[in-house]
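S.K.: Here the working numbering is used: the first residue of the sequence shown is 1, the next is one more, and so on.
Rather than coming from a laboratory, the hints here were simulated on the basis of the structure.
Some clues are possibly wrong.
[Unchecked claim] Quick list of simulated restraints, FRET-style, between CB atoms: (1) ASP113 / GLY33: 22 to 30 Å; (2) GLU45 / PRO116: 33 to 41 Å; (3) LYS108 / ALA72: 35 to 43 Å; (4) LYS112 / GLY33: 32 to 40 Å; (5) ASP32 / LYS107: 33 to 41 Å.
[Unchecked claim] List of simulated lysine-lysine pairs, DSSO-like, C-alpha gap at most 27 Å: (6) LYS88 / LYS123; (7) LYS16 / LYS112; (8) LYS31 / LYS16.
Don't be surprised by glycine CBs; every beta carbon is placed ideally from N, CA and C.
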Amino acid sequence: MSKQNKDKLNDPSIRKLFEDRNFVFLSSLMKDGSPQVTPTWTDIENGYILINTAIGRIKQKNISRDPRVALAIADQNNPYDMVTIRGKVIEQISGDVAEEHIDKLAKKYIGKDKYPGRSPGEKRVLFKIKPEKIFHMNQ
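Starting from the given sequences, assemble the full structure and let the hints guide the process.
M.R.: So this is what it looks like as structure tokens:
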């Protein structure tokens, strides 16, 4: 990650978008190259964006094949405060770390200690996204 992008992601006004209860729209690439977009919960840690999903979902299959992603996030109370990011998923983390992380996101987004949306046998995966291009608009 360039120093410029790491500094930009650590900008307090950008960090706040990821730390608040705003949804991120994650775009991945289908096999045929067409975009697929999903609203998701998000987290930010050590200069990386974290997104949690279940193994086998379309975005996880797409990212396993092609790690390039694009993200958009806007302040739910002021959509003119927004960030778009292009980057790559540099790691997919599964196991206890991903299972605990979805509970952390459930607490943040819906106030529940445990994520209530698990399907039987579902296994979680955490995408660690390295930003490459960051654009922030704030009006």
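S.K.: Run every hint past the structure and note whether it holds.
M.R.: Each hint tested on the structure:
{"no.": "1", "hint": "ASP113 / GLY33: 22 to 30 Å", "verdict": "violated (41 Å)"}
{"no.": "2", "hint": "GLU45 / PRO116: 33 to 41 Å", "verdict": "violated (23 Å)"}
{"no.": "3", "hint": "LYS108 / ALA72: 35 to 43 Å", "verdict": "violated (19 Å)"}
{"no.": "4", "hint": "LYS112 / GLY33: 32 to 40 Å", "verdict": "holds (38 Å)"}
{"no.": "5", "hint": "ASP32 / LYS107: 33 to 41 Å", "verdict": "holds (38 Å)"}
{"no.": "6", "hint": "LYS88 / LYS123", "verdict": "holds (22 Å)"}
{"no.": "7", "hint": "LYS16 / LYS112", "verdict": "holds (21 Å)"}
{"no.": "8", "hint": "LYS31 / LYS16", "verdict": "violated (34 Å)"}
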